[in-house]
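As you go down the protein sequences, you meet chains A and B in turn.
Residue numbers for the first sequence, in our numbering: 1 to 316.
Residue numbers for the second sequence, in our numbering: 317 to 985.
Because the hints were derived from the structure by calculation, they are not lab data.
Hints are supplied without guarantee of correctness; some may be wrong.
What the hints assert, rightly or not - Here are a few chain B residues that face chain A, going by a calculated C-beta distance under 8 Å:
#1 705
#2 733
#3 736
#4 739
#5 829
#6 840
#7 841
#8 842
#9 871
Stated by the list, open to error - Derived Cβ-Cβ restraints for the label pairs, each shown as a range:
#10 A:276 x B:370: 55 to 65 Å
#11 B:806 x A:276: 43 to 53 Å
#12 A:247 x B:885: 51 to 61 Å
#13 A:288 x B:781: 42 to 52 Å
#14 A:40 x B:884: 35 to 45 Å
#15 A:288 x B:928: 19 to 29 Å
#16 A:247 x B:518: 54 to 64 Å
#17 A:46 x B:865: 16 to 26 Å
#18 A:43 x B:851: 52 to 62 Å
#19 A:268 x B:582: 56 to 66 Å
#20 B:781 x A:259: 53 to 63 Å
Even for Gly, the Cβ is constructed at its ideal location relative to N, Cα and C.
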Amino acid sequence: MILDFAVQGLQMLLVLALAPLLTGFVRKAKARLMRRQGPPLIQPYRDLIRLMHKDVVLASNASWLFRVIPYLIFAVTWVAASLVPTFRIGLLFSWSADLIAIIALLGSARFFQALAGLDVGTSFGGIGASREVMIASLAEPAMLMIVFTLALIAGSTQLSNIAEFMVSPAVGLRVSLALGLLALILVAIAENGRIPVDNPATHLELTMVHEAMVLEYSGRHLALIELTASLKLILYVSLIACLFAPWGLKPEGAGIADFTIGIPAYLGKLAVGGFLLALFETSIAKMRVFRVPEFLGVALMLGLLAVLLRFVSGSL
Amino acid sequence: MMLTVVLWCAAALLALAPLAVIVAHMAKAAPIVYGLCAAAALISLLAALKQLLGAAPAESMALPLGIPWVGTHFRIDALSAFFLAVVDLGAVTASLFAIGYGSHEAAPSRVLPFYPAFLAAMNLVVLADDAFTFLVSWEFMSLTSWALVVSHHRVRDNVYAGYVYIVMASFGTLALLLAFGLLAGPDGLYTFAQIRAAHPTAGFAALVLFLALIGAGSKAGLVPLHVWLPLAHPAAPSHVSALMSGVMTKVAVYGFVRIVFDLVGGPAWWWSMVVLALGGVTAVMGVLYALMQHDLKRLLAYHTVENIGIIFIGLGLALAFKAYGMDSAAALALTAGLLHVFNHSVFKSLLFFGSGAVLTATGERDMEHLGGLIHNMPQTAFVFLVGCVAISALPPLNGFVSEWLTFQAVLLSPQLPSWGLKLLVPGVGALLALSAALAAACFVKAFGVTFLGRPRTLAAERAAETDQFSLAAMYFLAALCLVAGVLPGLFIDALAPLADILVGSRMPVQTGVQWLSIVPIAAGRSSYNGLLVFLFIGISGTLAAFAIHRLASDRLRRGPAWDCGYPDPSPATQYTASSFAQPIRRVFGTSMFRARELVEMPPPGDMRPARLVVVVRDLIWDAIYAPVAAAIGFSADRLNVLQFLTIRQFLSLVFALLVILLLVLAIWP
Numbered sequence: 001m002i003l004d005f006a007v008q009g010l011q012m013l014l015v016l017a018l019a020p021l022l023t024g025f026v027r028k029a030k031a032r033l034m035r036r037q038g039p040p041l042i043q044p045y046r047d048l049i050r051l052m053h054k055d056v057v058l059a060s061n062a063s064w065l066f067r068v069i070p071y072l073i074f075a076v077t078w079v080a081a082s083l084v085p086t087f088r089i090g091l092l093f094s095w096s097a098d099l100i101a102i103i104a105l106l107g108s109a110r111f112f113q114a115l116a117g118l119d120v121g122t123s124f125g126g127i128g129a130s131r132e133v134m135i136a137s138l139a140e141p142a143m144l145m146i147v148f149t150l151a152l153i154a155g156s157t158q159l160s161n162i163a164e165f166m167v168s169p170a171v172g173l174r175v176s177l178a179l180g181l182l183a184l185i186l187v188a189i190a191e192n193g194r195i196p197v198d199n200p201a202t203h204l205e206l207t208m209v210h211e212a213m214v215l216e217y218s219g220r221h222l223a224l225i226e227l228t229a230s231l232k233l234i235l236y237v238s239l240i241a242c243l244f245a246p247w248g249l250k251p252e253g254a255g256i257a258d259f260t261i262g263i264p265a266y267l268g269k270l271a272v273g274g275f276l277l278a279l280f281e282t283s284i285a286k287m288r289v290f291r292v293p294e295f296l297g298v299a300l301m302l303g304l305l306a307v308l309l310r311f312v313s314g315s316l
Numbered sequence: 317m318m319l320t321v322v323l324w325c326a327a328a329l330l331a332l333a334p335l336a337v338i339v340a341h342m343a344k345a346a347p348i349v350y351g352l353c354a355a356a357a358l359i360s361l362l363a364a365l366k367q368l369l370g371a372a373p374a375e376s377m378a379l380p381l382g383i384p385w386v387g388t389h390f391r392i393d394a395l396s397a398f399f400l401a402v403v404d405l406g407a408v409t410a411s412l413f414a415i416g417y418g419s420h421e422a423a424p425s426r427v428l429p430f431y432p433a434f435l436a437a438m439n440l441v442v443l444a445d446d447a448f449t450f451l452v453s454w455e456f457m458s459l460t461s462w463a464l465v466v467s468h469h470r471v472r473d474n475v476y477a478g479y480v481y482i483v484m485a486s487f488g489t490l491a492l493l494l495a496f497g498l499l500a501g502p503d504g505l506y507t508f509a510q511i512r513a514a515h516p517t518a519g520f521a522a523l524v525l526f527l528a529l530i531g532a533g534s535k536a537g538l539v540p541l542h543v544w545l546p547l548a549h550p551a552a553p554s555h556v557s558a559l560m561s562g563v564m565t566k567v568a569v570y571g572f573v574r575i576v577f578d579l580v581g582g583p584a585w586w587w588s589m590v591v592l593a594l595g596g597v598t599a600v601m602g603v604l605y606a607l608m609q610h611d612l613k614r615l616l617a618y619h620t621v622e623n624i625g626i627i628f629i630g631l632g633l634a635l636a637f638k639a640y641g642m643d644s645a646a647a648l649a650l651t652a653g654l655l656h657v658f659n660h661s662v663f664k665s666l667l668f669f670g671s672g673a674v675l676t677a678t679g680e681r682d683m684e685h686l687g688g689l690i691h692n693m694p695q696t697a698f699v700f701l702v703g704c705v706a707i708s709a710l711p712p713l714n715g716f717v718s719e720w721l722t723f724q725a726v727l728l729s730p731q732l733p734s735w736g737l738k739l740l741v742p743g744v745g746a747l748l749a750l751s752a753a754l755a756a757a758c759f760v761k762a763f764g765v766t767f768l769g770r771p772r773t774l775a776a777e778r779a780a781e782t783d784q785f786s787l788a789a790m791y792f793l794a795a796l797c798l799v800a801g802v803l804p805g806l807f808i809d810a811l812a813p814l815a816d817i818l819v820g821s822r823m824p825v826q827t828g829v830q831w832l833s834i835v836p837i838a839a840g841r842s843s844y845n846g847l848l849v850f851l852f853i854g855i856s857g858t859l860a861a862f863a864i865h866r867l868a869s870d871r872l873r874r875g876p877a878w879d880c881g882y883p884d885p886s887p888a889t890q891y892t893a894s895s896f897a898q899p900i901r902r903v904f905g906t907s908m909f910r911a912r913e914l915v916e917m918p919p920p921g922d923m924r925p926a927r928l929v930v931v932v933r934d935l936i937w938d939a940i941y942a943p944v945a946a947a948i949g950f951s952a953d954r955l956n957v958l959q960f961l962t963i964r965q966f967l968s969l970v971f972a973l974l975v976i977l978l979l980v981l982a983i984w985p
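If we strip away everything but chain B, and leave its shape as in the complex, we get (with noise of 0.2 Å):
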């Protein structure tokens, strides 16, 4: 029943696209489209969390479409509902944030058609139940989202980001297509069901292990396959970059989940180091980045990165629980992942609507080029801290919730047996204490130098508070961060069925608990209550306020900056995002960027100023992309004389090549 109320929501969208391109040139397009796509998507996100709360058995659909004699399958289970939810709640709010914002659009016709076609490609890779469904929505998804980070194909940039993108887009489904392969193996097996029932050899699973890693990986941006991601995902159009950003790169971490822990089987107990680190790194290396920047939407980016790191991270300790058999420590801390997939998918989209409406009033992403935004956009502001808080992960904000359960994960794997799991796991729990705060001194730069401050141009001093209806979907999104986090007990209990299917046991239930606290393992062992946190800290600032202001004194006047007595009038000298994070770069960047500052001083007698220089390099780009990308022109220049051989060296070209396939076959034993 739910199945097909999805399903035709999924089909309703796929309807719009071709809709979209006939009326993208009326007036009103953008509001009607986009409300449709939100309408949809609602009654997809009702049906997804009927499934999912109401803890309904699995349904699955055959559909006479796709390969002959293989079909179309289709399947909602919890897993599926959970990130259908996910994904339909991105493209709700999306969708209520594009009305508003979409009107701004100059080329509506190169947004409105993909944009229904790619919420539909999403939905559909959640639901698939066999390999040739999953791998050609997995791809339409892919195209769909290039077709909109190129939409405004003018700006440079742009085109190079979605060329990039698109070369990754398609190496990252290589990868997938060679796993399913693996799974399917020689007997065709195309529909999950088989391949679950089939255990490949334990060499063809740590094949599958890796190419799912990259496959999946490359799409969530795991370090080193992440270089697309910061520069296709502020490319395209803000509430785009949202979807990309809060849900494309969930559905990744979706097709990681349904490969590694549902279709492969037990898994060996080192697959928890590789992900393990690979998470760990991906999180440091994800912030530290985010933090050299100063476009804002590029930041943001970066910490998707981050925390698709700390979701990693999650699922690999999972993982490492799975396989010696710790089935109620894997259900923490798989539990902790998915909860920050939801807890990141929230505020991302809504820190990228953020930056989206900053994007209209001013036309600026650049932070260097904003501040003082509170005064004149003083609910985009408010909402926006919203989310700073929540992805910086501080209480009482949901982000918190989510590392505190994978710290209590982290907390429990003394007990695992092997020597490099007790060795590598405190590692990555610093890691992940030096990424969460990180992340908190990146979004002090974030707000700080785009929101508080004097403005740095005309744009910022003369913008203008946003549209109702982008309003409307920020603060629907930071109501949902506050509530996930005073009240996380209810999203974790949620997620119970998953852990259920995934690794055969689940978490304790958390709506029981006395005072709404959460207690993940035992109550004699760590507890925290988001409300009565939430409640203290409003109940004693309000105190403090009222009693200062009735004992004390409540007067206030109004003068000059003090600045010890030196106030500079040029917004100029304010700390900008760069000079903020100049310490930072100095401690972790000098090794990890190779930044340097370099001062140009002219000589004494000449006009020009000094100036002062950072140059910041990406190593992993120099190390691994650069390399293959010059061997990629060097032998595409070399062969290019190919393309100018008279007919008969093209004739002899062939014969040789037939000549050497029939000596291979020869030759073949």
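Extracted from the complex, chain A is given alone in its bound form (with noise of 0.2 Å):
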């Protein structure tokens, strides 16, 4: 029981740990694969560390809901990121919340952050806002389907049930797997407004989603919410690991010794994803707002067929 809650802890400051360096992980990659040096790997700590010390300049007439939300955003994504399974399968507190109580907790910060990109009342935070619930408005539904997809083969909609399925041999090569896999990633791609959908390193651009509702923040308010989109980016690489690539999971039970092969696999596995994401990224260029729709209702298709295909064949 102790140990239980040892290791529920431990997974909760881990992603809070790893979340800024993951984010310097993507931006070293993507400058070195671009022929830059790029900052540091620590530099995302030195900004949360210097944004914290900093005074917060608030617009005149900010609201309170304007000074809650960062730390709102902050706690409802960090609870999310600590339900999903990194190292060990079998948390404390895993079913407390299922797979699309996660989902919804996401849309919860989503739903809190638009607004205060409203609040101050500035044309730059209000498109922002729109935009981002646009997406939204496909993403979501996207991502219910591919969750509609991994419980039915699972029979489960706990993550914790669904990857010790996935580890486990009965899983096998399934269609609905794969196309959930393509949705999945176009998801969370979108999700994370990460290129082609939104670019994180642009300010001033007509396109931008995220960057132009977080405009108003400043100091603290801002390091929260940096540090919330860097969670948010954590969550879906550990998502995407413990469903499509669990190896190294530790089944619930498992003692210490084990953690020598869980955390290592879990960075591994961070890297790897990392990597790729910013391979991914240098090699495309950012898309028109109005094609987003097309790429997520591609993801939206997918989920849609995965589910049809569970509903018709048990096998698929």
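Two chains, two frames, a set of hints: combine them into the complex.
Here it is in structure tokens:
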């Protein structure tokens, strides 16, 4: 029990500690792929610490909601991220929210973030918020379709149980899983505002979405929002890793000795995921905002197709 | 015992109506009438809860009123008790809200007498135990609510709304009349007990299903019978809007459940396909319509359409499982639908109260004239935000729980043997997911444009916080949203007797589950714990705030907005409701609403400003209602000549009719 508690706590701290590192790694990898030196790996930590120590400059008409939202979305995303298995299945509180609830928690975070974009009443905030909800209105159903596919294959919506099923040999090669993986990657790219949907490095570009929404934030508030974005990225990479690359995930009741396998395996998966993301981002151009619905429509249709396959046949 | 109590409460409400006519002109009439309504509804609510939670046996009573030899029958079972609780919860809070809100009423004598009668009618519908009483109460409910819709009759749109409403309501009642006629059969079995015992043939049963879908569906707002709803609900005073949207649509759901699950008997498998398809289409169409609106109350009314769709998806799944004898899955789907009935009544009432408070404070319903209300109305803004989060199905509030249960029911449906359902259910699941995501977008818009940003008009700038009674009602409902979200097990268990009656099985008991989680099927399959999620969010948010404020910095300066260096002082440069919805309008609306954006650019030298005009058409109205209205208008014009005949022509018409009738009689086999 105490060990379980410690593992859950370790998991919470691990994702929080690793999140900026993953962001830094992706940036570094992108820079190296572009033949630039790039910032050091720990640059995101430095940025966060510097931002946290700065004064907050708040727009004169910002409301109480604007000040609460950074803490709220950080908390919601952190809770969601700590429920995704990273190095060990069967976390102590994994039953408190299944995969549908985790997706919905991220939806809550986005809901409040979009509200924050509208709070000061600037046109940039509005443009970011309205585009964010447009993207979300397609990405969320696509994500739920993927969840349906996984749940129907594994017979459970509990992430731990799905992951356990994915480790077991019963899973086999399935068409619906392949479609689901493809859809999940598309959704993850859109949800994290990566190229080609949005550009996380941009500032002052008419197509920006996430950066436009958080334009009015500064100081510790901005630090929390950056940290939240990193947490979301690590959440999606962990999710894809634990569902489609579950090697090295230790089952429930594994001893401390097994951590020596689980944690390095997880770090390795993060590195591979981050590198692939960087590679993808450097090899593709950003698309127009109104091409995004087509991009996500593909994800939605793939997800729906996968669910239909599962409904029609038990083995596909 | 409980039945007597609730009938006395309904009688008291009925008696209040004529009393209100007398006192309506007095200065303190509104608080007295609404206070008495709240008291009567509260007693009725407690009785209904006692009946429901105590799992008391059904009680029935026959009164020597109404048609001779038939009488008037009332009965309270778990289903009636649950819907009675929903009705009276809405009634108590609406009355409490109206104690404050109603004092702003310009013409109280047009509202006060009808309000208690409306409450009484809704109570009586769910208690009725024979077809006659049910239909009379149903029609009484329609008429009293119609009177409330046209209470502000000087506003031109309201009269039109009332006209469309009364036509649709009459049409719906006609369908229900025919449905009960079929159920009663040639022997005239009017009481529900007799109808239940007589099993109609498959063809008749199917006909009853369609008539119930038209009759109850038109009152609930199923697409394509929803057209009156977004006109009529916003036209009424806000507390009545809350009752119509939050409660009266649920009475319609009650009518559907009572007829289709209880009275008709065993469903055929294809019934569920009709209900599921209608539910899915209703959910998505409702929310897309809502996204196109910039009138706050109309937006909320369209969201009622969406939520009715979600409820019908749950009911449709329950019908499918019931038809194949999968009783425990049917219990899950039914519980999901009925829990959403309760949840929606809570947050929709809350949101309409909020819109009423905004209306009182600013005199505006149009979001494009509002903005920045969070500064002057912080408490209203807070409770409205709670309602927005709840209706957007976001954890940890209550809307999420019922949608989560519906998703769990969808995930059970591959076990259904029918191929039609196997292909339909995933599509309906996708529509449900789409409607949930769009609802969140819509409420970002509703809250963000109304309460956040900068005030767009002087009225919005000078708004003041609403009164204590209204706030009390809203805080109560907001608290209920949270409680039902973090402790859903209590509410699911309360619904168990209903599932027992309607599908013959119940969900596993939830209150005994560890840590107050909910486990709809099995622990290995799915579970959700709203309480823990809520606590985790609260703790980690507080922890983060504490750590950052202590260890890093807690200093704060105010400055002008940054806006990338180009802030514009005019509040007109903010995003409005229509500009916020523009991306979604472009993605979904170009085909579904034929949405077009026309730019009117005056020629050089012309001093007029350029204009952007957005044209959105309602294709359902154009395709179904406009042709019918045109045909009726055309034939009425043609038949108008009959009014101006001479006496000889009239007499010859009568003679010709007589001859035709005699001929028919002669030829009739």
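query = Would the hint on residue 739 of chain B stand, with a C-beta cut-off of 8 Å toward chain A?
reply = holds, 7 Å
ask   = Per the CB criterion, is residue 829 of chain B less than 8 Å away from chain A?
value = Violated - the Cβ of residue 829 of chain B stays beyond 8 Å from chain A, reaching only about 10 Å at its closest.
ask   = Per the hint of 56 to 66 Å, is the separation of the Cβ atoms of residue 268 of chain A and residue 582 of chain B within bounds?
value = holds, 57 Å
request  = Confirm or reject the claim that residue 781 of chain B and residue 259 of chain A have a C-beta distance inside 53 to 63 Å.
outcome  = Since the Cβ atoms of residue 781 of chain B and residue 259 of chain A sit about 55 Å apart, the hinted range of 53 to 63 Å holds.
task = Would you settle whether the hint for residue 840 of chain B is holds or violated, based on the nearest Cβ-Cβ distance to chain A being less than 8 Å?
result = Holds, because the Cβ-Cβ distance from residue 840 of chain B to chain A comes to roughly 6 Å (cut-off 8 Å).
request  = Evaluate the given range 43 to 53 Å for the C-beta pair formed by residue 806 of chain B and residue 276 of chain A.
outcome  = holds, 46 Å
request  = Given the hint of 42 to 52 Å, check if residue 288 of chain A and residue 781 of chain B actually sit that far apart at their C-beta atoms.
outcome  = holds, 44 Å
Interface hint outcome for residue 705 of chain B [beta carbon to chain A under 8 Å] = holds, 7 Å
query = Honestly, do residue 40 of chain A and residue 884 of chain B meet the 35 to 45 Å range at C-beta?
reply = Given a distance of about 39 Å, which is inside 35 to 45 Å, the answer is holds.
Agreement of hint residue 842 of chain B with chain A interface, Cβ distance less than 8 Å = holds, 4 Å
task = For the range 55 to 65 Å, tell me whether the beta carbons of residue 276 of chain A and residue 370 of chain B fit it or not.
result = With a Cβ separation near 60 Å, residue 276 of chain A and residue 370 of chain B satisfy 55 to 65 Å, so the hint holds.
ask   = Can the suggested window of 51 to 61 Å be confirmed for the beta-carbon pair residue 247 of chain A and residue 885 of chain B?
value = holds, 58 Å
In terms of the numbered hints stated before, the structure departs from hints 2, 3, 5, 18, listed from lowest to highest.
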